[in-house]
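Novice: Spelled out, the chains give:
Number of protein chains: 2
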Amino acid sequence: MATSDSTRQGHQKKNERRSAQATAVLRMAGTVRQLLSETGHIPPASRALVELMCLPVTALWCRVLRFDPQAPTWPDRDRFLVPSASMLPLLDIMLSLTGSSGPYKTPQNTHTEIAPGPASYGIAAAAGMALGEQTLASRFGRSLINHRTWAVVQDTDLASGAATEVAQLAGQSGLDRLTLLVASLSDSPSPELITSLALFQASGWNIRKITAGDLSSVTSALAAALRSRKPTLIVCSPSPARKSSDEQNSLPPAELTGPWSLTARRGASARRSWLRRLVRHRQRSTFQREQMEQLPPLLSEDWLRTWRWHMRRSHDRSTKNASLVAFHTLAGLLPEIMCLSSSALPLPSDILTDHTLSPPENSTVICGSKAEGMSGLMIGLALHGGLLACCQAPLIAADRMMTALRMVAFMRRKVLLLLTENKLNQDCLSGGLLSAEQLPALRAIPHLAVFRPANVHETFQCWEAALRWKDGPCVLSLTPDENPDTPFPKSCFGSPSRGGYLLQHQHAPQVTLIASGSEVAIALEASHHLAKQEIRTAVVSLPCWKLFADQPETYRQKVLGGSGIRVGIEAASGFGWEQWLSPGGVFVDMNALNISAQTGTSYDRSGSIAEAVCEVVKHHLFASGMMRDSLPQAGLPSVDKNAESHSGKVIKQEWKTQQWQSK
Amino acid sequence: MATSDSTRQGHQKKNERRSAQATAVLRMAGTVRQLLSETGHIPPASRALVELMCLPVTALWCRVLRFDPQAPTWPDRDRFLVPSASMLPLLDIMLSLTGSSGPYKTPQNTHTEIAPGPASYGIAAAAGMALGEQTLASRFGRSLINHRTWAVVQDTDLASGAATEVAQLAGQSGLDRLTLLVASLSDSPSPELITSLALFQASGWNIRKITAGDLSSVTSALAAALRSRKPTLIVCSPSPARKSSDEQNSLPPAELTGPWSLTARRGASARRSWLRRLVRHRQRSTFQREQMEQLPPLLSEDWLRTWRWHMRRSHDRSTKNASLVAFHTLAGLLPEIMCLSSSALPLPSDILTDHTLSPPENSTVICGSKAEGMSGLMIGLALHGGLLACCQAPLIAADRMMTALRMVAFMRRKVLLLLTENKLNQDCLSGGLLSAEQLPALRAIPHLAVFRPANVHETFQCWEAALRWKDGPCVLSLTPDENPDTPFPKSCFGSPSRGGYLLQHQHAPQVTLIASGSEVAIALEASHHLAKQEIRTAVVSLPCWKLFADQPETYRQKVLGGSGIRVGIEAASGFGWEQWLSPGGVFVDMNALNISAQTGTSYDRSGSIAEAVCEVVKHHLFASGMMRDSLPQAGLPSVDKNAESHSGKVIKQEWKTQQWQSK
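Residue numbers (UniProt numbering), protein chains in the order written: chain A, 1 to 663; chain B, 1 to 663.
Source of the hints: derived by calculation from the structure; they are not laboratory data. Nothing here was measured: the structure is a model prediction, and the numbers come from that model. Keep in mind that a hint or two might mislead.
The list treats identical chains as interchangeable, and a pair is accepted whether it falls inside one copy or across any two copies.
[Unchecked claim] The list that follows gives simulated cross-link-like pairs (lysine-lysine, DSBU-like), each with its CA atoms no further than 35 Å apart:
id, residue 1, residue 2
1, LYS470, LYS490
2, LYS230, LYS558
3, LYS470, LYS558
4, LYS532, LYS230
5, LYS490, LYS209
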């Protein structure tokens, strides 16, 4: 009897406590609703959304969310994402009520984990953060890393490609600490929503449908999310009678310090014990270094040594291979590297035997053809902190990663993106799109540095420069094309780490050949041809435009040279090249570079291509009257007069259509 | 008894015929396999694929596919797509066996419906073609349009975002004449494939799994696809024992004219009867005009008249509104217009009342947030012929449509893309990405013309120029920002239809302000301010770079002006602007344009912004020694010295980060 009494009393106590918490939450929700009604300039559409999500979000913040208003940048805080601008007012009110200050736009207020953008990318970023949490937890244990990721989105956001791809990736790597709160305004689920839910379910997500107005169902859904072994999707639809919790007479915020301070106290104490654990943790220094995004001392020396040591064994001299070795050696030195890849990163066979160089299996996620989802995860990894995200994909997929790159660049986060170009002959013979054509689009993104190294030596220097680039993300565009056996000459002036340098120089050059990547070898070959015909040339390699543009005017002038015609050579569209070509300069693109490809023979970067470049150069020297030579023989690519622009002739990219129309 | 006898005989006959056809197909498959084994340079991975799909594709071509080798461009042919380069050898053999000549790379051989690219876009393009077929059939009836679309893809292609988005769109509009043959090499379906199939099923597709080696199941699957009321997906997996049909001793092609000529005869007779129906068809002339992609005579006159007539009633002077009216009036005149839109195209309220202007409901597909899938459908519509695809989306989504745009531009097909910019103040206040930043990436695509009209008048002229642009797709970038009430001055020299023109000109200008879109109004305002301070200015509007670059040098010189500083003004990254700025030119971007946004006040294009521009201009005039004025007062955007390039200073896009870091 006594026992049963005590149990009964226990139950009563529990019920009372629960009801007390419930009332607290409902009162909060009432206040939030009141504050919302007071805030002006919310468009009606988003107002409905915000009011729908009012109770679930309040319940989350009151009861579940792990955060400390005093320490907004606490590494082990729960991440709460509001990706779409329409729901930001709700977040704003939550922040003001928890005593966190600052408009949500600025990162000073780091409760705001992400800048508003396409909402589907918010979902992707949330998954990325959960992935980061998972990886760090496996390294440092749950004593240091033990938080969750929450995102508030709208049902229409689930249908877009980025979301569907990320849904599959999240299911694949079992991100059980990721929860999406989905606002669905329509009382009955739309066919689109049904489809999306089917996909999420099939990809291994928990789906729960709740009435946003009913506190008990909200609480149980949140509890289920905490228990779940899968990523969770909570669909919040409006209750048939919307009045559910409007009866709660809302009280002035002054009185609401009670429940909130409760929440805040919970967070603060959690953080204090976390700090105690951190002090005792044996990997503390590493953890702190990574959190502060500092590189270990003497990194570059060790890196360069190991890289050299491995490269001496490799016979494949392509920049792709050199960069692969650079990545693997770096991954050995930097445990914070997290790699997303469209395919497994193979080591060249002649190095594979070496077991000191183990690819970071544990921290590599293979994303297959889901380039957009991968780029979304990249955002999350970049924002989570304590990780250095490396992404590997074919350059042709860059278009699908552009939005994510823009967002990362806009938020000035650091990401390394390794893009592999197709072999040029492959491009030409398949008759499809040119991979290198994405380069201008990438270069146009502010704060994003694009590196296109020309040989093994440059590759490492570009890697290092990319690692030191503080302004935002970096892209390394690499080619599997083998370098010719003839090694490059030593740099006459400058170095690749300054973005551009003088590779070869004759006194008072009549022509300056400017190229990047595979095309530098062509430029060197062409300069030899021209030298035979007593035309003085200089050859400039331009691996990174942004770095080069940051150099002082004098340096740039000295590299590019004052006199003589400037000839740009790149297997891409000439857009943007005018800034390096003086008036009267020329841009030579696939039109000339693919003569051999058009004739069906495979693309070799010596021989025919270089000769074609020489013809173009001689043609323009003659036209500009700098050469009193006989007219160059026929067979050179015609200069499209229409493409003349006042700052340099640009030969339009005609080769494809020529090939296209040819029998 | 007699009856039963006759029926029995009938059955026998049928069985004999069926078996005869079966043997024919199997013999063909044998030959194809033999030819495949003879063709060299097929990478092993794709060889397995090709051999797997050998029998299904042969059966399709022998028994089902509707084509006439003599008339490869027959409008009512079945479309057969092989989007990925890896399976092209199979198509190649099919073509050679059907007596169609030419390598598959060139469009001379129009059996090849699409250039090789990302395979998921091949799926999307196939759906687009089926959509085109559906639309045209509803206009001209099944007597003229009665074909199907088939595509051969790999299971991994189904997972990518473009494919998932298109799967939903295809299901949504019930494209029952679309069939995908999916090659799945693994004997047991991978979890990824299972997920994709779940999505396709949920989006309303028929799924059939067959053994590629078993002819009967192949035939029944094809028959089911012909009967189906939904889009069909046929998953072809290898038979446990691969030897299924290798027993067929393969015969030399010489002997195989039998079955092929049968197929060819079937196609030829089908086409002959189609031609007879065409002659009798009452919409014959329209059909032929649209097929030849000719515009009706006097189109522009009628179009301009109706457009003017509607515009006089509209009070909203934004280019977005003007372009909406232009689109609706055009849709009234050109029935071949097919519209894909991310949202319903609303007419401005003051015109809506007018019932002569009905939006083309029947030929509009709402794609919601599925921008990538929409762009994929666009490819298909562009390739199908007889349709003019118009696509409408927010400019911020342009990134996700880039791949499709590249492909359409590469294949030189015509598409109209209407992209709506955000209101600038909206961009700034939401603190998110800038929509206008996509412009350089779009301008960098060869053969793609980007139009950015500045006012109502320019909008129509740009529309017309876009309609006449033969080189490839067109993009119109429009803004909902209202134009200021002060109307633009008449053009002093040139016209918008030439890509750029002189809007305002004072004798021997010291400064030429070059702008596009909303920024032209700022330039005009600034020129007024400068005029007050006795600085002579010219204002140039540059709605389309490609058109302007195609103008003769003399025209461009006269518009841009020889003397004086050139100042580019655009709310985007300055990448590529150097080609219009003479050495010493300046580019003014958001840094200056968003001073008001930073201070929180909403973006107005007169006042503060224009004054900021003036300050920049005066600063540079002074620096260049062309103005003996007092130093301009403080508060002007600082010129980032690092951003100097030898062909013009470019003020780097700093404002966002300023805003981002500001409290």
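Novice: For this structure, which hints from the list above don't hold up?
Specialist: 2, 4 and 5
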